[in-house]
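K.L.:
Just so you know, the protein sequences line up as chains A and B, in that order.
Note that full-length UniProt numbering numbers the first sequence so that position 78 is 78, with each residue one more than the last.
Note that full-length UniProt numbering numbers the second sequence so that position 199 is 199, with each residue one more than the last.
Heads up, a few of these hints could be off.
[Claimed, not checked] SDA-like, lysine to any residue: derived pairs with alpha carbons at most 20 Å apart:
{"id": "1", "chain 1": "A", "residue 1": "Lys133", "chain 2": "B", "residue 2": "Ala20"}
{"id": "2", "chain 1": "B", "residue 1": "Lys101", "chain 2": "A", "residue 2": "Val258"}
{"id": "3", "chain 1": "A", "residue 1": "Lys62", "chain 2": "A", "residue 2": "His79"}
{"id": "4", "chain 1": "A", "residue 1": "Lys174", "chain 2": "B", "residue 2": "Val46"}
{"id": "5", "chain 1": "A", "residue 1": "Lys247", "chain 2": "A", "residue 2": "Val258"}
{"id": "6", "chain 1": "B", "residue 1": "Lys218", "chain 2": "A", "residue 2": "Asn294"}
{"id": "7", "chain 1": "A", "residue 1": "Lys324", "chain 2": "A", "residue 2": "Thr254"}
{"id": "8", "chain 1": "B", "residue 1": "Lys101", "chain 2": "A", "residue 2": "Ile210"}
{"id": "9", "chain 1": "A", "residue 1": "Lys174", "chain 2": "B", "residue 2": "Ile41"}
{"id": "10", "chain 1": "B", "residue 1": "Lys101", "chain 2": "A", "residue 2": "Leu46"}
{"id": "11", "chain 1": "B", "residue 1": "Lys218", "chain 2": "A", "residue 2": "Glu273"}
{"id": "12", "chain 1": "A", "residue 1": "Lys236", "chain 2": "A", "residue 2": "Leu122"}
{"id": "13", "chain 1": "A", "residue 1": "Lys324", "chain 2": "B", "residue 2": "Lys101"}
{"id": "14", "chain 1": "B", "residue 1": "Lys101", "chain 2": "A", "residue 2": "Ala38"}
{"id": "15", "chain 1": "A", "residue 1": "Lys174", "chain 2": "B", "residue 2": "Phe24"}
{"id": "16", "chain 1": "A", "residue 1": "Lys174", "chain 2": "B", "residue 2": "Ala20"}
{"id": "17", "chain 1": "A", "residue 1": "Lys247", "chain 2": "A", "residue 2": "Glu273"}
{"id": "18", "chain 1": "A", "residue 1": "Lys62", "chain 2": "B", "residue 2": "Asp133"}
{"id": "19", "chain 1": "A", "residue 1": "Lys133", "chain 2": "A", "residue 2": "Ile210"}
{"id": "20", "chain 1": "A", "residue 1": "Lys62", "chain 2": "B", "residue 2": "Ile41"}
{"id": "21", "chain 1": "A", "residue 1": "Lys236", "chain 2": "B", "residue 2": "Gly7"}
{"id": "22", "chain 1": "A", "residue 1": "Lys174", "chain 2": "B", "residue 2": "Ser42"}
{"id": "23", "chain 1": "A", "residue 1": "Lys324", "chain 2": "B", "residue 2": "Gly71"}
{"id": "24", "chain 1": "A", "residue 1": "Lys247", "chain 2": "A", "residue 2": "Val289"}
{"id": "25", "chain 1": "B", "residue 1": "Lys218", "chain 2": "A", "residue 2": "Gly293"}
{"id": "26", "chain 1": "A", "residue 1": "Lys62", "chain 2": "B", "residue 2": "Leu135"}
{"id": "27", "chain 1": "B", "residue 1": "Lys222", "chain 2": "B", "residue 2": "Gly71"}
[What the hints assert, rightly or not] So the derived list for chain A, only partly shown, Cβ under 10 Å to chain B, looks like this:
{"id": "28", "residue": "Leu46"}
{"id": "29", "residue": "Leu80"}
{"id": "30", "residue": "Asn84"}
{"id": "31", "residue": "Leu126"}
{"id": "32", "residue": "Gly131"}
{"id": "33", "residue": "Ala147"}
{"id": "34", "residue": "Tyr157"}
{"id": "35", "residue": "Gln158"}
{"id": "36", "residue": "Trp170"}
{"id": "37", "residue": "Lys263"}
[Unchecked claim] Cβ-Cβ distance ranges computed for the label pairs, FRET-style:
{"id": "38", "chain 1": "A", "residue 1": "Glu103", "chain 2": "B", "residue 2": "Leu112", "range": "40 to 46 Å"}
{"id": "39", "chain 1": "A", "residue 1": "Leu198", "chain 2": "B", "residue 2": "Thr180", "range": "35 to 41 Å"}
{"id": "40", "chain 1": "B", "residue 1": "Arg99", "chain 2": "A", "residue 2": "Ala232", "range": "53 to 59 Å"}
If you are wondering where the hints come from, they were derived from the structure by calculation, not from laboratory data.
Please read all numbers here as calculations on a predicted model, not as lab measurements.
The C-beta atom is built at its ideal place from N, Cα and C for all residues, glycine as well.
Read off the chains here:
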Amino acid sequence: MSVQTEGTDTAGEPAVRKARPAGPPSGEDRGSRSSHRAAAPYLLLLPALLATLVLLGWPLVKNGMLSFQNLNPRQLIQHLTEWNGIDNYKEVLTGSDFWHVVERSLVFTVINVALIMVLGTLIGLLLARLGRKMRLLLMIGLVLAWAMPIIAATTVYQWLFAQRFGVVNWVLDKLGWHSMAGYNWFGTQTSTFSVVILLLVWESIPFVAINLYAATTTIPRELYEAAALDGAGAWKSFTSVTFPFLKPFLYSTTFLEVIWIFKAFPQIFAINEGGPDHLTETLPIYAFVQGVGNQHFGVGAAISFLTVLVLLVMTSYYLRMVLKQEEDEL
Amino acid sequence: MKRSLFGRIWPNATAVVLFAGLVFPVYWMFATAFKPTGDIISENPVWFPTHLTFSHFQKAVDADNFWTLVGNSVTVTVCSVLISLVIALFAAFALARLRFKGRRGLIVTFMLAQMAPWEVMIIAIYMIVRDADMLDSLVPLTAFYAVMVLPLTVLTLRGYVAAVPKELEESAMVDGCTRTQAFVKVIFPLLAPGLMATSLFGFITAWNEFPLVLILNKANDKQTLPLWLSQFQTAFGDDWGATMAASSLFALPILILFIFLQRKAVSGLTDGAVKG
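Sequences are here, hints too, so could you generate the full structure?
P.N.:
Right, dumping it as structure tokens:
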């Protein structure tokens, strides 16, 4: 691998340079730094900050502005800006649809995250317990599921759960559940959600399991030996050594999963476009369907803004922790 | 510590069952893509295809604009990843190595930006791109994808830069290198695995991106593969052979890249430094 040869090069270079008279050691000498040196970090960061500000910051601000506008196809085509105060928010918040969708999104997130965290943790612990060969086998399975592109996965799940010739219906029929032969999975809310949840769990478990396994390998062996000397059994050493060690990891992963699941878009949209009858729309899909599908862009922007708000509330505890932790570390 | 027979068997048995469950959707995609139509629409599934056919792949490749869309996807993905790597490398170096006012705030900014809910900002992005008269163009897509992967790239690279021992850089500077030379000659080569690992996640994000291209690029020859694939299924209806062939073609580059780069990325930064 190229890194190793490059690595040798770097080690070779100082030897050559030593022949030259060494220049003034400028690195540590803070006093003599000219002013462009002091500006260096900001110049280095400028492109990244500018790009983030223009392409992430501006859309956020724009989203806020749009949510106070009356923006329907007529205004869109004629490039009109019609401010309408908080009408969009009034419309959204007083309708019953929005609250149904919020409730559905929350339940959807909780179910998914609980399944992903529990199963992912169990598989991660299993990885730690397996022998080399079996661990490699399971790793390959996890990596394949992880790497599968989302839209490829959604089409495969549509095929697995296809009404005719779908392999899932065939298996259920053979297992004795004969009413499932020819069952239309995308015909009801519960069944569509079941497919979406299975897809999301399948796709998300590898991240949790592989990282959790990596975290367990950093637990010092001595801790287990000490626990064993104190007479701890398998369960006791899990609760007193493994779990406390993994707790911070589990904590942050749970919140990351909450964010990812809550804003999941392609999985739900590509599987059934929020159907049947809008019954599997979560907040991001609802904003898209109202805003773009029905061309009520202002209303859609208001829903988007509220979605971000819900997300912020859900993750505020974690965000606070991130901020605090950074302060302590730096 | 000897474990009972049961204690030795159940983890392995569970692992095999899990492996089968995890791999089955991927396997079924490829298997269906290679099966003759008669085996796909059969009352009993053909678990292991014996007669292989490439006709489904032919059909997928012959679909309108297929190669244009491959070109679009590759262009957008590669350009956005490269752009974000370059921009992020500057930022990561500053954040990892230099001390300055506002550093902490900036790191937190990138951490928050990493969680940005792009999926719900698409309406605003649509308006901005439309007002700039750049709908149906690959430029905004590339720019937005670059920024989508930028925060993670900065934060990950920052870790890799910080992991290069400061002494290596300092000794180069004592030996007469300028800070820039020290970076190019000492740190950059050691960063190669980090750059690869980081680009992997960029590639996946950009290759997969769906909501933004869904709303921005309606013209058939300006779309990317995810959008095409999601419509391929709608357009071809029950032709699962062709749909799975299309999915396979779309998934294959990422599966290969993932398996290839994951190993490279893990094989260590430290090897290089220690062996040197």
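K.L.:
Decide, hint by hint, whether the structure agrees.
P.N.:
Outcome of the hint check:
Under the criterion of a C-alpha separation no larger than 20 Å, the hint pairing A/Lys133 with B/Ala20 is consistent with the structure, at around 15 Å. At roughly 33 Å between alpha-carbon atoms, B/Lys101 and A/Val258 are farther apart than 20 Å, so this suggested pair is violated. Distance restraint check for A/Lys62 and A/His79: the Cα-Cα separation of roughly 15 Å lies within the 20 Å cut-off, and the hinted pair is therefore satisfied. Between A/Lys174 and B/Val46 the alpha-carbon distance is near 15 Å, which keeps this suggested pair within the 20 Å criterion.
With a CA separation close to 17 Å, the supplied pair A/Lys247 and A/Val258 stays within the 20 Å bound. Taking the CA atoms of B/Lys218 and A/Asn294, the gap is near 16 Å; set against the 20 Å cutoff, the hint holds. For the proposed pair A/Lys324 and A/Thr254, the alpha carbon gap of about 18 Å is at most 20 Å, so the pair holds. In summary, the hint linking B/Lys101 to A/Ile210 is not supported, as the alpha carbons are separated by about 37 Å, beyond the 20 Å threshold.
In summary, the hint linking A/Lys174 to B/Ile41 is supported, as the alpha carbons are separated by about 17 Å, within the 20 Å threshold. Distance check on the hinted pair: B/Lys101 and A/Leu46 sit about 14 Å apart at the alpha-carbon level, within 20 Å; holds. With a C-alpha separation of about 17 Å, the suggested pairing of B/Lys218 with A/Glu273 holds against the 20 Å cut-off. Proximity of A/Lys236 to A/Leu122 is assessed by CA-CA distance (about 17 Å); at most 20 Å being required, the pair is judged to hold.
Between A/Lys324 and B/Lys101 the CA atoms are separated by roughly 18 Å; this keeps the pair inside 20 Å, and the hint holds. Annotation: proposed proximity of B/Lys101 to A/Ala38 holds, straight-line Cα distance about 10 Å (limit 20 Å). With a CA separation close to 18 Å, the supplied pair A/Lys174 and B/Phe24 stays within the 20 Å bound. Among the hinted pairs, A/Lys174 with B/Ala20 is consistent with the structure: their alpha-carbon atoms are about 19 Å apart, no more than 20 Å.
Of the pairs offered as hints, the one joining A/Lys247 and A/Glu273 is violated, with about 37 Å between alpha carbons and a cut-off of 20 Å exceeded. Proposed proximity of A/Lys62 and B/Asp133 is supported: the alpha carbons are some 16 Å apart, at most 20 Å. The hinted pair formed by A/Lys133 and A/Ile210 meets the criterion: a straight-line CA distance of about 16 Å does not exceed 20 Å. For a cut-off of 20 Å, the pair hint linking A/Lys62 to B/Ile41 is broken: about 50 Å separates their Cα positions.
For the proposed pair A/Lys236 and B/Gly7, the alpha carbon gap of about 17 Å is at most 20 Å, so the pair holds. A hinted pair counts as satisfied when its Cα atoms are at most 20 Å apart, and A/Lys174 with B/Ser42 qualifies at roughly 15 Å. Annotation: proposed proximity of A/Lys324 to B/Gly71 is violated, straight-line Cα distance about 45 Å (limit 20 Å). Our distance criterion of 20 Å between C-alpha atoms is broken by A/Lys247 and A/Val289, whose separation comes to about 39 Å.
Between B/Lys218 and A/Gly293 the CA atoms are separated by roughly 13 Å; this keeps the pair inside 20 Å, and the hint holds. This hinted pair checks out: A/Lys62 and B/Leu135 have alpha carbons roughly 17 Å apart, not beyond 20 Å. Between B/Lys222 and B/Gly71 the alpha-carbon distance is near 10 Å, which keeps this suggested pair within the 20 Å criterion. A distance limit of 10 Å between C-beta atoms decides the matter here; for A/Leu46 the minimum to chain B is near 8 Å, and the interface restraint holds.
Here the hint on A/Leu80 is broken, as its CB sits about 13 Å from the closest CB of chain B, past 10 Å. Here the hint on A/Asn84 is broken, as its CB sits about 16 Å from the closest CB of chain B, past 10 Å. The beta carbon of A/Leu126 comes within 6 Å of a beta carbon in chain B, closer than 10 Å, and the hint placing it at the interface holds. With 10 Å as the threshold, the beta carbon of A/Gly131 comes within range of chain B, its nearest partner Cβ sitting at about 8 Å, so the hint holds.
Against a cut-off of 10 Å between C-beta atoms, the interface hint on A/Ala147 holds, since the closest Cβ of chain B lies about 4 Å away. Restraint check, A/Tyr157 versus chain B: the minimum CB separation of about 7 Å is within 10 Å; hint holds. With a least beta-carbon distance of about 6 Å to chain B, the hint placing A/Gln158 at the interface is held under the 10 Å criterion. Hint status for A/Trp170: holds, given a least beta-carbon distance of 6 Å to chain B, under 10 Å.
Checking A/Lys263 against chain B: minimum C-beta separation of about 5 Å stays under 10 Å; hint holds. A hinted range of 40 to 46 Å for the beta carbons of A/Glu103 and B/Leu112 is inconsistent with their spacing of about 27 Å. One distance hint, 35 to 41 Å for the beta-carbon pair A/Leu198 and B/Thr180, is violated here, with the actual separation near 52 Å. Take B/Arg99 and A/Ala232: their Cβ atoms lie about 45 Å apart, and the range 53 to 59 Å is violated.
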